[in-house]
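Chemist: Work the whole structure out from these sequences, hints included.
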Amino acid sequence: MKKMATGNQAAALAVKESDVEVVAAYPITPQTEVVETIASFVETRQMKASYIRVESEHSALAACIGASASGARAFTATSSHGLLYMHEMIHWAAGARLPIVMANINRAVGPAWNIWAEHTDSLSQRDTGWLQFYAATVQEVYDTVLMSYRLAEKVNLPTMVCMDGFILSHAIQPLEITQPGDFIPPINIPHALDTNDPMSYGNLTAQNDYFKFRRAMHDAQKEANVECRSIEKEFAERFGRKYGPTDEYRTEDADTVIVGMGTMAREAEVAVDLLRKEGMKAGSIRVRQFRPFPKLNIEGKKVIVLDRDCSFGAGGILAQEIRFHHNVPVYNIIAGLGGQDVRYETIADLVRKAKPEGEFWLGVD
Amino acid sequence: MLDDIPEDEFLYKGNTACAGCSAMLALRYILKAAGPNTIIVNPACCSTVCQGTYPRSAYGVPVLNIAFAAAAAAADGIASAARNKGKNIIVFAGDGGTVDIGIQALSGAIERNANILYVCYDNEAYSNTGMQKSGSTPYGAITTTTPTGRKDSKKDIDLIIMAHRPRYMASASSAYPKDLFNKVQKALSIEGTKFIHVQCPCPSGWRYATEKSVELGKLAVRCGMWFLYEYEDGKLTLNAPTKAALKRPAPLEDYVKPQGRFKGVDIERLQKEVNEGMGRIRDMANMDALEKAKEGSQ
Ligand code: SF4
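Chains as they are written, first to last, in my numbering: chain P, 1 to 365; chain U, 1 to 298.
Among the hints, a few may not be true.
When the alpha-carbon atoms are kept at most 25 Å apart in a straight line, the in silico DMTMM-like pairs for lysine to aspartate or glutamate are as follows [stated by the list, open to error]:
hint, chain 1, residue 1, chain 2, residue 2
1, P, K48, U, E111
2, U, K13, P, D197
3, P, K212, P, D194
4, U, K87, P, D197
5, U, K85, P, E55
6, P, K277, P, D253
7, U, K87, P, D194
8, U, K13, P, D194
9, U, K85, U, D100
10, P, K48, U, E191
11, U, K87, U, E111
12, U, K85, P, D197
13, U, K186, P, D19
14, U, K87, P, D19
15, U, K13, P, E55
16, U, K85, P, D19
17, U, K155, P, E55
18, P, K281, P, E252
19, U, K85, P, E17
20, U, K85, P, D194
Calculated from the model, a selection of chain U residues having no Cβ within reach of chain P, i.e. all distances over 10 Å [as the list claims (entries may be wrong)]:
hint, residue
21, D4
22, G14
23, D152
24, E232
Distance ranges between label pairs, derived from CB positions [what the hints assert, rightly or not]:
hint, chain 1, residue 1, chain 2, residue 2, range
25, P, D127, U, H164, 33 to 41 Å
26, U, D156, P, S124, 44 to 52 Å
27, P, D273, U, A82, 46 to 54 Å
28, P, G95, U, G279, 46 to 54 Å
29, U, K13, P, D127, 36 to 44 Å
30, P, A171, U, Q132, 46 to 54 Å
31, P, E357, U, Q132, 50 to 58 Å
32, P, A171, U, A82, 33 to 41 Å
33, U, P6, P, K3, 54 to 62 Å
34, P, R45, U, K178, 40 to 48 Å
35, U, D156, P, M217, 38 to 46 Å
36, P, D127, U, G14, 32 to 40 Å
Hint data in this document are derived by calculation from the structure and do not stem from the laboratory.
Ideal placement from N, C-alpha and C gives every residue a C-beta, glycine not left out.
Modeler: What follows is the structure in structure tokens.
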């Protein structure tokens with residue numbers, strides 16, 4: 001079934017199709033539409049789930065942790081300060097190996113107050129153990145939520161599906177509604193709380209065991225890299241839409257690649273077309289899967305990385321990841337912070353002027 | 001007296017509580033009352049440590065350990081999952097996790113009438129981290145962060161909880177296990193949020209001889225420093241030991257003297273606070289009597 005939907009509605013619709021048992025959420029701009037839509041699904045009985053209207057994001061994720069720990073499929077959504085307020089629980093969900101799925105609507109962090117798109121909120125949760133995906137279209141939000149439940153429950157790690165605030169969360173695009181059917185099997189959490197087999201989860205664990213749990217999380221991230229490929233393959237076979245850890249555009253013969261995430265990386269594709277017309281062999285790579293971080297096809301190419309985020313004192317976070325995984329020079333453009341307008345003409349212009357290496361702040365340098 | 005309390009144990013030997021810990025005494029009776037169809041949610045507190053270290057557990061029911069501020073919300077998450085209908089979801093949280101850092105989640109859970117029993121075991125300090133002052137530390141008590149005795153007064157969590165109008169609320173003491181057992185059973189028979197506040201003397205933090213936990217718990221009630229009551233449908237019912245104490249309280253010195261934490265306390269000021277507390281609870285209980293009298297005369 002085709003319909004028009006926003007990114008936020010797409011997330012809610014995917015949750016509706018995923019047999020979620022417990023939703024707990026606190027509203028925050030620009031995420032509100034997700035929780036409003038789910039609330040209306042639940043109250044009009046289009047969706048059979050408990051909806052907990054919690055008093056804070058800390059409690060939203062804590063409630064999801066409780067539900068998930070007892071074996072139920074759980075969902076929450078948040079943004080920016082909400083995500084940061086959850087931070088402790090974000091670690092907890094991953095450490096407890098609970099396959100919770102969360103939509104994060106990427107938004108800048110105050111001060112100053114700014115409600116527009118930026119990736120610093122979710123990227124600052126990079127080291128918590130969550131799997132992280134960044135979508136760029138409404139359809140991709142929907143499909144990524146569906147695939148996330150499969151993946152999360154396969155490797156027992158929570159999964160964050162990220163989309164740019166307003167640019168995608170409020171953009172209306174065509175959406176193909178897919179009933180996942182048995183693509184998402186009934187949930188079965190192996191370590192769910194069981195009154196017939198009482199165990200204690202999360203109690204004191206001494207020096208001789210704790211690190212083994214941490215290593216298991218690290219291994220599960222690596223396993224997710226393999227599992228996700230087979231889930232994407234199955235998804236493509238069943239529903240006809242193909243995804244991968246990255247989305248490459250005109251890279252076959254490219255000697256210059258623009259790497260980015262989210263909607264800005266889609267804008268870069270238009271810039272690539274423009275540059276191609278001028279004779280530049282440009283291409284772009286959109287990183288969809290940020291954790292675990294995929295290998296990129298960039299060796300021997302001039303690499304320009306677009307970051308809608310910054311790790312102060314170090315530079316763009318995506319650029320750092322690429323520098324860590326690849327021994328290549330990187331020209332890092334930090335642009336789009338707090339919803340700063342970044343058009344394809346601007347991206348093309350920056351690429352034309354790009355040096356082999358260095359850092360450039362749009363609108364400042 | 002304890003005849004009809006089941007012999008089944010869900011708190012095992014080998015738990016790592018201090019000798020004389022009355023929080024474990026309370027938990028033992030809570031679990032006896034709740035039985036095996038129970039899930040415990042534990043925020044950071046002594047009770048997290050008392051389970052013993054992984055891979056062992058001294059608790060005979062499943063436990064979800066969770067971060068300090070999150071217990072009530074996590075419990076609501078469990079209770080909200082359709083699959084857990086009919087199970088007893090019990091938070092066992094210390095006073096720090098209840099009156100201080102966990103109060104927001106607790107307030108939210110009661111407001112939503114989450115189907116949980118929240119038990120606060122009150123040892124009147126952050127005992128797990130080595131006895132620092134919590135909101136629940138009484139006036140005059142020495143802790144490691146109030147080394148000359150607390151200068152202000154204990155936060156009255158019960159009045160705060162009452163304002164939320166929970167389905168059932170009770171105050172209990174580890175020194176009166178039968179009363180605690182009955183209150184837990186009653187609470188678990190009620191749908192919605194239940195709150196039980198249990199005073200649990202702590203030999204390590206209060207600095208008294210380990211064998212005196214029950215004696216001190218009883219003295220707290222007898223001198224009017226702790227009350228035993230139930231609060232349902234806006235009505236406060238005092239239990240017998242508190243009724244007796246309000247009529248003729250035991251000397252406060254009897255309670256204060258054996259405890260190292262009250263060394264150098266201004267006993268007159270503490271007595272004044274205790275008197276005020278007794279006056280308040282008397283008024284609240286009497287109000288019901290007045291109400292009844294009014295109804296009767298109409
Ligand atoms: S510190 Fe006090 S409450 Fe904690 S285990 Fe020891 S005796 Fe029990």
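Chemist: Please go over all the hints and tell whether each is borne out by the structure.
Modeler: Structure-based check of each hint:
no., hint, result
1, P:K48 - U:E111, "holds, 23 Å"
2, U:K13 - P:D197, "holds, 19 Å"
3, P:K212 - P:D194, "holds, 23 Å"
4, U:K87 - P:D197, "holds, 14 Å"
5, U:K85 - P:E55, "holds, 23 Å"
6, P:K277 - P:D253, "holds, 14 Å"
7, U:K87 - P:D194, "holds, 11 Å"
8, U:K13 - P:D194, "holds, 22 Å"
9, U:K85 - U:D100, "violated, 30 Å"
10, P:K48 - U:E191, "holds, 21 Å"
11, U:K87 - U:E111, "holds, 21 Å"
12, U:K85 - P:D197, "holds, 18 Å"
13, U:K186 - P:D19, "violated, 35 Å"
14, U:K87 - P:D19, "holds, 22 Å"
15, U:K13 - P:E55, "violated, 39 Å"
16, U:K85 - P:D19, "holds, 18 Å"
17, U:K155 - P:E55, "holds, 22 Å"
18, P:K281 - P:E252, "holds, 10 Å"
19, U:K85 - P:E17, "holds, 23 Å"
20, U:K85 - P:D194, "holds, 13 Å"
21, D4, "holds, 23 Å"
22, G14, "holds, 13 Å"
23, D152, "holds, 27 Å"
24, E232, "holds, 24 Å"
25, P:D127 - U:H164: 33 to 41 Å, "holds, 38 Å"
26, U:D156 - P:S124: 44 to 52 Å, "violated, 39 Å"
27, P:D273 - U:A82: 46 to 54 Å, "holds, 51 Å"
28, P:G95 - U:G279: 46 to 54 Å, "holds, 48 Å"
29, U:K13 - P:D127: 36 to 44 Å, "holds, 40 Å"
30, P:A171 - U:Q132: 46 to 54 Å, "holds, 51 Å"
31, P:E357 - U:Q132: 50 to 58 Å, "holds, 52 Å"
32, P:A171 - U:A82: 33 to 41 Å, "holds, 35 Å"
33, U:P6 - P:K3: 54 to 62 Å, "holds, 58 Å"
34, P:R45 - U:K178: 40 to 48 Å, "holds, 46 Å"
35, U:D156 - P:M217: 38 to 46 Å, "holds, 43 Å"
36, P:D127 - U:G14: 32 to 40 Å, "holds, 36 Å"
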